[in-house]
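Heads up: the first sequence at position 273 corresponds to 825 in the working numbering, and the numbers run straight through without jumps.
No lab work stands behind these hints: they were computed from the structure.
Heads up, some of the hints might be wrong.
What the hints assert, rightly or not - Computed Cβ-Cβ distance ranges for the label pairs, DEER-style:
1. D822 with K686: 53 to 63 Å
2. I791 with K686: 38 to 48 Å
3. R859 with A792: 26 to 36 Å
4. V690 with D957: 49 to 59 Å
As the list claims (entries may be wrong) - Derived lysine to any residue pairs resembling SDA-like cross-links, with alpha carbons at most 25 Å apart:
5. K777 with V814
6. K740 with V729
7. K897 with N886
8. K755 with L790
9. K901 with G864
10. K846 with I823
11. K670 with D762
12. K897 with I861
13. K958 with T974
14. K740 with G672
15. K901 with V870
16. K600 with V799
17. K961 with P938
18. K846 with R812
19. K952 with D939
20. K922 with K958
21. K852 with L790
22. K952 with P973
23. K972 with N935
24. K958 with N944
Beta carbons: idealized from backbone N, C-alpha and C, even for Gly.
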Amino acid sequence: IRHYNALLDALGKANRLDDAESLFCEFEKYGLAHDVASHSIMISANGKSGRIDDAERCFRRMKSENVKPNAFTYSALIEAFGRAGRLQKAEETFRSMIEDGVVPNVVAYNALIKVYVKRGKIEKAFKLSEEMTKNGRVPDVITYGTLIDACAKARDVEKAFSVFNELKKHQIKPNRVCYASLIDACAKGKQPERGFEVLQLMKISNTPPDIFAYNALIDACGRAKMVNRAFEVYDEILIAGLIPDRVTFNALISACGRAREVNKAFEALDIMINKYGHEADRHTYNSLIDACGKSEKMMKAFEIYNRMIKNGVRPCVVTYNALIDACGRVRNINLAYELFNKMRKEKIKPDVYTLNTLIAVCGRCGDVEKAFNILKLMIEEENVRPDEVTYNTLIDTLGKKGCLDKAWKLLQDMRNIGLKPT
RNA sequence: UUUAAUAAUUCUUCG
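Take these sequences, add in the hints, and give me the full structure.
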């Protein structure tokens with residue numbers, strides 16, 4: 553049975569889910585009964601390829617075969633729900649695990665903490681980590697790594713460092729993931745200098761920085777619009793004997809875009825493709841489009857868009873949002889709306905970024921009426937939920953037009969829905 | 001030395 557399970561797992565990891573499923577169904581033919589591992593493997597495999605319904609089905613099948621789930625099973629299911637963005641179901645799974653008498657282990661806690669972080673529920677992530685300690689489970693390096701990542705997402709640099717110190721207090725040796733997350737926190741918190749300190753710390757702690765650490769540091773420089781320093785980090789990668797990867801170049805290109813150095817962005821692209829043989833991916837193209845747009849080079853943005861299609865990379869909602877923004881910056885409101893219609897025709901679902909970008913376009917053109925029309929349309933036809941940025945942008949638009957009373961009213965609405973003004 | 005589960009870096013909107 554172990555050999556067959558191993559085979560199941562291998563098929564799953566090779567993304568051959570159908571083959572895995574067939575093999576699973578043939579167990580009986582070989583005189584084998586599915587054990588808890590067989591089922592868990594199937595749940596995990598389906599979850600990892602985003603087939604949450606199938607994962608759930610596997611779980612039900614397990615129960616119908618009277619095989620008792622264990623901690624592996626539940627953790628796999630929690631992760632699967634997390635991947636699908638189903639926080640409630642993940643929580644529910646965690647609870648039913650306890651009800652079933654399966655005591656949550658570190659992995660189960662870590663899995664749920666991760667789901668909280670992914671959904672932006674940072675407080676809950678920390679609460680659960682405290683709860684796990686209360687229940688006698690010892691947080692491990694992954695727990696701390698996840699929590700540092702949580703702080704990064706919340707842009708709370710101080711807290712990231714305090715988690716890092718906590719980790720050391722518990723005599724756990726931070727691994728490269730922890731360091732990279734810590735640098736990422738510095739990046740998101742716009743404190744590149746502290747990122748460099750962390751890199752230094754890695755070196756003196758016998759943890760030579762890897763490509764993740766360097767890439768995060770490039771991003772840290774980029775967010776602070778320090779392009780030259782970003783390229784210095786790139787040089788350091790080479791000196792360290794590491795190979796820059798796609799993310800390295802994408803981060804560099806993004807850095808150039810933020811600093812409005814479009815030409816440099818294309819230089820980086822050239823090195824990426826011609827020197828390292830990395831194909832441009834959707835991040836690359838989207839960053840380039842954004843870089844052009846921010847520098848008010850709309851035509852160039854469209855050139856990149858066409859090139860993207862020609863090279864077989866599918867434009868996504870981010871692509872269109874960036875293009876719409878590019879139009880907005882040169883006040884081309886008609887073209888912006890054309891793009892919006894185009895994306896709908898291509899069945900690409902507009903999101904809240906699309907809405908906010910379009911409102912910003914209207915704002916730049918001083919068209920308050922259009923701004924409110926698009927708001928209505930997005931809510932009613934596209935199920936888009938306005939967020940804090942939506943209100944900020946609308947208020948900004950009204951303010952510029954001198955409609956202060958309406959702006960105040962919106963501010964009230966904002967509070968009523970539970971959004972906090974900034 | 002491993003039959004199964006958990007963490008990190010790059011793309012878009014207002015400020």
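Cross-check of the supplied hints:
Checked against the given bound of 53 to 63 Å, the beta carbons of D822 and K686, roughly 55 Å apart, stay inside it. Checked against the hint of 38 to 48 Å, the pair I791 and K686 passes, with Cβ atoms roughly 47 Å apart. For R859 and A792, the hinted distance range of 26 to 36 Å is satisfied, since their beta carbons lie about 32 Å from each other. The supplied range of 49 to 59 Å is met by V690 and D957, whose beta-carbon atoms lie about 58 Å from each other.
Between K777 and V814 the CA atoms are separated by roughly 13 Å; this keeps the pair inside 25 Å, and the hint holds. The hinted pair formed by K740 and V729 meets the criterion: a straight-line CA distance of about 16 Å does not exceed 25 Å. The hinted pair formed by K897 and N886 meets the criterion: a straight-line CA distance of about 16 Å does not exceed 25 Å. A hinted pair counts as satisfied when its Cα atoms are at most 25 Å apart, and K755 with L790 qualifies at roughly 16 Å.
A distance of roughly 20 Å separates the Cα atoms of K901 and G864; the hinted pair therefore holds under the 25 Å criterion. Between K846 and I823 the alpha-carbon distance is near 22 Å, which keeps this suggested pair within the 25 Å criterion. Between K670 and D762, the direct Cα distance comes to roughly 24 Å. Compliance with the 25 Å bound is thereby established for this hinted pair. Under the criterion of a C-alpha separation no larger than 25 Å, the hint pairing K897 with I861 is consistent with the structure, at around 16 Å.
Simply put, K958 and T974 have alpha-carbon atoms about 17 Å apart, close enough for the 25 Å limit, and the pair holds. In summary, the hint linking K740 to G672 is supported, as the alpha carbons are separated by about 14 Å, within the 25 Å threshold. For the suggested pair K901 and V870, the alpha carbons sit about 10 Å apart, so the restraint of at most 25 Å is met. The suggested pairing of K600 with V799 holds, with an alpha-carbon distance near 22 Å, which does not exceed 25 Å.
With a C-alpha separation of about 16 Å, the suggested pair K961 and P938 falls inside the 25 Å cut-off, and the hint holds. A distance of roughly 7 Å separates the Cα atoms of K846 and R812; the hinted pair therefore holds under the 25 Å criterion. Straight-line distance between C-alpha atoms of K952 and D939 comes to about 20 Å, which keeps the hinted pair within the 25 Å bound. Among the hinted pairs, K922 with K958 is consistent with the structure: their alpha-carbon atoms are about 15 Å apart, no more than 25 Å.
Proximity of K852 to L790 is assessed by CA-CA distance (about 31 Å); at most 25 Å being required, the pair is judged violated. Restraint check: the Cα-Cα separation between K952 and P973 comes to about 18 Å, which is no more than 25 Å; the hinted pair holds. A distance of roughly 22 Å separates the Cα atoms of K972 and N935; the hinted pair therefore holds under the 25 Å criterion. For the hint pairing K958 with N944, the CA-to-CA distance comes to about 13 Å; that is within 25 Å, so the pair holds.
Hint violations for this structure: number 21 only, all remaining hints satisfied.
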